[in-house]
Amino acid sequence: MSEILRVEHLMKVYGNGVMANKDINFTAEKGEIHAICGENGAGKSTLMKMLYGIEQPSEGDIYVKGEKVHLTSSAKAIEHSIGMVHQHFMLVPSLTVAENVVLGVEPKRGIKFDAKEAVRLTEEIAQKYNLSVPAKEKVENISVGLKQRVEIIKALLKGAEILILDEPTTVLTPQETEELFVELKHLRDEGHTILFISHKLYEVKKLCDRVTVMRGGRMIATKNVSEVSEADISRMMVGRDVVEVIEKDRAVPGDTVLKLSGVTCVNSSGRKLLDNVSLNVRKGVILGLAGVEGNGQHELLEAIAGIEKLTAGTIQFHGRDITNDSIRARREAGVSHIPEDRMAEGTAKKFSITNNILAGRQRNPRYTGKVLFKMKEIRAEADTLVREYQVKCSGREQEIGMLSGGNIQKVVVAREFSAGPEVILVDQPTRGIDIGAATFIRNRLVQLRDEGKAILVNSADLNEVLGLSDSLAVFHNGRITGYFEDTSALTEEELGLYMLGIKKQTAEEIEEKFHG
Amino acid sequence: MDKLKVRLRRPGMTQETLEKRFSMLRTGLAVSIGIALSIIIILIVSDDPALSIKYLLIGPVMNLNNFYSLFTMWIPIVITGLAVCIMFSANQFNLFAEGAFFFGAVVASGVALSVNLPAGIHPVVCVLAAAAVCGLMGAIPALMRHKLGASEMVASLMLNYAVLQLGLFIISYFFRDANAGSVASRKYPESAKLLELIPRSNIHVGLIVAVVLVVLVYFFMYHTRWGYEIRLVGQNEKFAKYTGVSIGAVTVFSQVLGSALAGGAGAMETLGLYSRFSYTSLTGHGWDGVTLAILAGRNPKYIPLAALFLAYLRKGADLMSMKTGMQTDFVSIIQAVILVFLLAEQFLSRYRQKKTYALSKQLETAREEMGG
Amino acid sequence: MNEVLELVFSTSFAFSVLRLTTPILLAALASVISERAGIGNITMEGTMLISAFMGVVVSAYTGSAWLGFLGGVVIGGLTGWLLSYIIFKLQVNDILAGIAINLIGSGGTVFLLFALTGVRGISTSLSSKVMPSIDIPFIRDIPILGEILSGHNIITYLSFVTVIVIWFLLFKTALGLRIRSVGENPDAAKSVGVNVYKTKSIALTIAGVLSGMGGVYMSMGYVSWFAKDLTAGRGWIGIAAAAMSGMHPVGAMVASVFFGIADAAANTLQTINLPSQLVLMIPYVVTLIAMCVYAYFRLQRKKKLARKKA
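Chains A, B and C supply the protein sequences, listed in that same order. For the record, in the first sequence the residue sitting at position 59 is 59 according to UniProt numbering, with numbers rising by one throughout. For the record, in the second sequence the residue sitting at position 134 is 134 according to UniProt numbering, with numbers rising by one throughout. For the record, in the third sequence the residue sitting at position 181 is 181 according to UniProt numbering, with numbers rising by one throughout.
Source of the hints: derived by calculation from the structure; they are not laboratory data. Mixed in with the good hints, there may be bad ones.
Stated by the list, open to error - With a Cα cut of at most 25 Å, we get these calculated DMTMM-like pairs of lysine to aspartate or glutamate:
#: 1; chain 1: A; residue 1: Lys-272; chain 2: A; residue 2: Glu-508
#: 2; chain 1: A; residue 1: Lys-200; chain 2: A; residue 2: Glu-167
#: 3; chain 1: C; residue 1: Lys-304; chain 2: A; residue 2: Glu-308
#: 4; chain 1: C; residue 1: Lys-198; chain 2: A; residue 2: Glu-106
#: 5; chain 1: A; residue 1: Lys-223; chain 2: A; residue 2: Glu-178
#: 6; chain 1: A; residue 1: Lys-138; chain 2: C; residue 2: Asp-229
#: 7; chain 1: B; residue 1: Lys-241; chain 2: A; residue 2: Asp-341
#: 8; chain 1: B; residue 1: Lys-355; chain 2: A; residue 2: Glu-55
To be verified - Covered stretches of chain A (chain C as the covering partner; in silico rule of three or more C-beta atoms under 8 Å from a C-beta of chain C):
#: 9; region: 61 to 75
#: 10; region: 86 to 93
#: 11; region: 405 to 415
Since the structure is predicted, the reported quantities are computational estimates derived from the model, not experimental observations. Note that the Cβ used here is the ideal one computed from N, Cα and C, for glycine as well.
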């Protein structure tokens with residue numbers, strides 16, 4: 001085998017001062033599937049962006065086929081036979097598959113765009129690599145698995161020999177994942193090099209030849225996959241022994257605080273996001289919401305918070321119907337909400353920490369007089385929370401956008417936890433933040449449970465959901481397919497079957513558990 | 001480069017202080033570029049560049065009358081600046097301030113000419129009526145945006161043109177002075193005029209109102225829940241919604257308030273400076289408000305300074321035009337250039353990146369040394 | 001009332017509808033192509049003024065109407081390019097950048113006019129030229145239709161041809177594919193090596209050219225001089241027209257003709273005994289109402305769609 005890609009002493013500092021990559025060195029061979037593994041925030045994405053010309057390294061060099069290259073744009077990367085399939089698809093929905101495939105290298109006849117030739121080119125590649133796609137269909141109308149295939153064809157059409165796939169299986173069903181693996185192995189056998197970015201270790205074991213592990217923006221090691229176990233890789237990723245146990249005592253369930261009956265939500269294009277969901281949530285219990293992303297867990301939290309409007313069903317809070325209450329009324333009644341995306345929904349980037357903490361309390365008489373704010377109280381509260389939640393910052397007046405993800409999340413959490421809630425809705429509590437902050441937040445959740453709060457947790461991190469939850473509801477297609485009063489006996493395999501909708505409890509079975 | 005690092009090693013040099021310095025530097029440079037450009041334009045166009053430049057740069061402070069009229073110009077634009085500040089803070093690009101200023105003058109003239117009230121109360125009623133009417137009108141684009149999703153900006157501009165004609169209609173059909181040469185209203189009764197603060201200076205009581213408004217609006221925006229909600233919505237509408245703020249109420253409220261202020265400013269302008277309504281077109285005060293709001297970074301605190309700068313530039317240009325015949329409209333070119341440089345994120349960005357990079361590397365080293 | 005009807009159902013009214021549609025249509029097309037490229041371009045008003053001014057100046061100094069036209073269109077294109085530079089290279093918010101360009105358009109032209117002629121506000125001292133009007137053979141001989149369709153300024157015909165050109169450009173060429181892709185998903189376009197800045201820049205330059213044509217029409221067709229605020233909000237009405245066109249050139253044409261009718265009605269009604277100011281309000285009030293109606297039905301359609309699928 002021969003070396004096709006080499007990276008030396010690569011370093012990246014972002015404009016906001018965050019150092020995402022430090023001294024990265026690694027090589028990839030022709031005709032291998034090379035995994036890049038690391039926790040969220042380990043710097044994988046930054047590295048890939050540099051390899052695809054989206055970001056430029058602050059220091060260091062990249063060599064392709066032994067030649068030093070300056071990847072100042074994606075166009076340059078494509079020129080050097082590098083292709084990329086992004087985690088969030090880079091497709092234009094209103095254009096056809098063929099138009100998406102040829103975008104950037106459009107065939108022309110005279111001054112006209114040659115649509116026929118575009119279809120022909122697409123089908124040619126599709127046939128050659130055994131990746132069939134409907135060339136004339138609009139991308140907005142095809143499935144996720146097909147979209148990914150379109151992405152791969154796009155890269156191949158442009159002559160990609162090195163193909164970067166950024167967490168490609170996150171959005172796929174198990175069947176689609178299987179198919180993808182067959183396709184990728186086929187590509188490898190044709191002599192392509194594949195960089196497979198993932199933190200799903202069983203996939204790495206199953207698919208890849210070598211693995212490079214990253215942690216905290218640094219390179220840890222490169223190993224042959226056959227020589228290491230999943231546990232070995234995992235240890236390198238987190239820098240200590242694998243599964244993190246969240247320490248907690250048995251839950252002491254209290255009264256029912258929140259009662260959902262027949263909750264149904266429909267989005268603007270008419271799809272049912274939630275389909276007749278009924279649930280009871282009790283004090284002193286962490287209720288986990290598990291499921292493949294996009295199956296209704298997130299929407300359920302938003303429905304309780306009052307952001308997603310119900311098309312049917314009711315929500316009761318302490319026996320009072322709050323279905324038609326405003327978001328503000330619910331918050332004032334004692335519902336706190338850690339939103340899914342802290343930058344889009346949880347903070348105002350240019351506001352100070354103080355102003356971010358003030359959000360939602362601006363009408364609370366503790367912080368405002370009849371006209372003017374009680375600045376002293378507000379500042380004192382901000383100082384207390386910064387200290388209590390160990391937010392690393394230069395002070396409460398610092399712009400929140402300047403903080404690291406973990407510290408931003410701590411501010412969000414501090415604001416919501418300290419608002420005196422009875423119910424806490426937690427959506428992706430630790431996504432993309434460092435382990436220290438994540439552990440801190442998880443321990444806080446357990447502590448709040450012990451204080452008698454009712455907590456609902458949705459997380460894409462299965463370990464987290466299983467570790468935190470006392471009870472668990474599994475979602476598939478907007479419905480609850482399984483409810484477990486006690487999660488201690490539940491295995492990951494069994495959970496998986498429910499998540500995929502293969503195993504289902506009946507409505508009666510679930511109902512019984514609430515009353516039994 | 002090494003020197004730079006040493007300088008940065010000073011304790012307390014954080015990312016924010018760095019950012020603050022850049023924004024100050026950028027404002028200073030933008031203004032300097034604007035002034036430099038004015039001088040270049042004068043050098044090219046003027047018959048007597050030396051005299052022109054002299055009047056432009058020091059004309060406004062050459063004698064007391066000029067100095068007074070600087071403040072006469074300052075009063076209305078401070079208020080429209082505050083008005084636009086409030087609307088832009090909610091991230092609503094409502095440009096009705098221009099129309100509101102004009103129509104406020106119309107309403108005030110109407111009330112001044114049709115109601116008899118004692119001197120102290122008459123102008124107050126005129127101004128309040130103007131503010132109320134214009135505030136309600138400002139709700140039109142706001143509601144179009146909130147209820148229907150139409151562009152509040154295009155709507156507010158259409159409204160500007162519409163109220164211009166409506167105002168001219170009202171003046172010429174109900175309040176026209178047949179003896180005046182052009183379309184103008186009858187003369188205001190003495191009771192409706194604003195008190196002059198300094199005799200024969202044209203500085204009227206609006207000066208005090210403007211100063212008070214700066215303080216009020218500042219406190220409103222930064223020390224009350226209503227102002228906070230406006231800013232929150234402007235910074236991140238989705239976040240505001242998630243924390244329970246009613247987006248519609250806040251955006252509509254901000255535009256009603258802004259339009260009311262602009263309307264009041266128009267009312268004070270006509271009652272304070274003129275003896276009758278004599279505008280025949282929109283006055284540009286609303287657009288000045290837009291410039292000022294941007295210049296001040298949407299912070300009411302900086303509006304007076306920004307307004308002083310613009311008034312100075314205007315007055316200088318006016319004097320220059322009177323003395324040398326040079327035209328004054330080039331000020332709008334200068335305004336545009338300053339705005340662009342002020343808003344340009346990329347302006348100086350390479351310099352900034354260099355510094356940020358150095359700072360972060362240094363912090364990293366420090367952390368490693370500490371951590372061992 | 002009869003008098004009004006007579007005026008509205010006359011051939012001269014229909015003729016003036018087309019005459020008044022022209023600048024609105026060109027501004028609307030400029031807005032359509034900008035929006036398709038994903039940019040909130042609000043510079044039509046300012047660009048039209050700049051081009052109207054340039055057309056007058058160049059034609060006056062060269063004695064050629066066509067060179068004046070060219071000058072106006074080129075400066076329009078340059079203004080579009082400048083806007084893209086300010087937005088993408090200097091990274092200024094598109095609306096605020098537009099405000100700056102409009103400032104230059106309104107104040108800068110008046111200033112330059114003075115610098116060149118020493119006269120304030122109006123260009124009558126310059127002996128500028130006017131673009132030719134064209135009698136179309138055969139069509140001009142058809143009764144009624146001939147009177148309506150023939151004899152317009154050449155830019156009026158050009159503007160309707162432009163509808164087809166922009167449609168072809170957007171939906172039948174590779175450049176159009178790129179423009180739509182950078183508008184809809186710039187990251188996707190960038191990731192396959194499409195130069196997003198260049199593509200958007202081209203779109204804005206074309207938008208500038210279109211606005212430029214509209215501006216030249218105002219000063220060298222609609223009237224024969226340049227004056228302060230000559231365009232009187234037509235650039236903004238064009239944006240409103242584009243907003244209810246579904247961002248399609250043909251839709252833009254339909255909406256523009258509608259506003260052309262409102263404008264023509266205002267002009268026609270002025271001749272009879274109505275307060276001129278109220279009549280002059282018509283185009284703007286009509287635009288406001290049309291914006292509301294369009295937005296309302298768009299909202300209803302969306303709701304219906306959601307209900308239907310549910």
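Straight-line alpha-carbon gap B/Lys-241 to A/Asp-341, limit 25 Å: 14 Å, holds
Regarding the pair A/Lys-272 and A/Glu-508, is the alpha-carbon distance no greater than 25 Å? 22 Å, holds
Taking 8 Å as the C-beta cutoff, is the stated coverage of the region 86 to 93 of chain A by chain C satisfied by three or more residues? Contact hint for the region 86 to 93 of chain A vs chain C: holds, 6 residues under 8 Å.
Could you grab the alpha-carbon distance between A/Lys-138 and C/Asp-229 and see if it respects the 25 Å cut-off? 45 Å, violated
Verify this for me: three or more residues of the region 405 to 415 of chain A with a beta carbon less than 8 Å from a beta carbon of chain C. Coverage by chain C is violated here, the residue count being 0 at a Cβ distance below 8 Å.
Regarding the pair A/Lys-223 and A/Glu-178, is the alpha-carbon distance no greater than 25 Å? 24 Å, holds
Holds or violated: C/Lys-304 with A/Glu-308, Cα cutoff 25 Å? Holds. C/Lys-304 to A/Glu-308 sits at ~18 Å (cutoff 25 Å).
At a Cβ distance under 8 Å, does chain C reach at least three residues of the region 61 to 75 of chain A? holds (count 3)
With a cut-off of 25 Å on the C-alpha distance, tell me whether A/Lys-200 and A/Glu-167 pass. 9 Å, holds
Do the alpha carbons of C/Lys-198 and A/Glu-106 lie within 25 Å of each other, as the hint requires? Since the Cα atoms of C/Lys-198 and A/Glu-106 sit roughly 16 Å apart, the hinted pair holds (cutoff 25 Å).
Starting from B/Lys-355, check that the Cα of A/Glu-55 is at most 25 Å away, please. Holds: B/Lys-355 and A/Glu-55 sit about 19 Å apart, inside 25 Å.
The structure fails to meet hints 6 and 11 from the earlier list, while all remaining hints are met.
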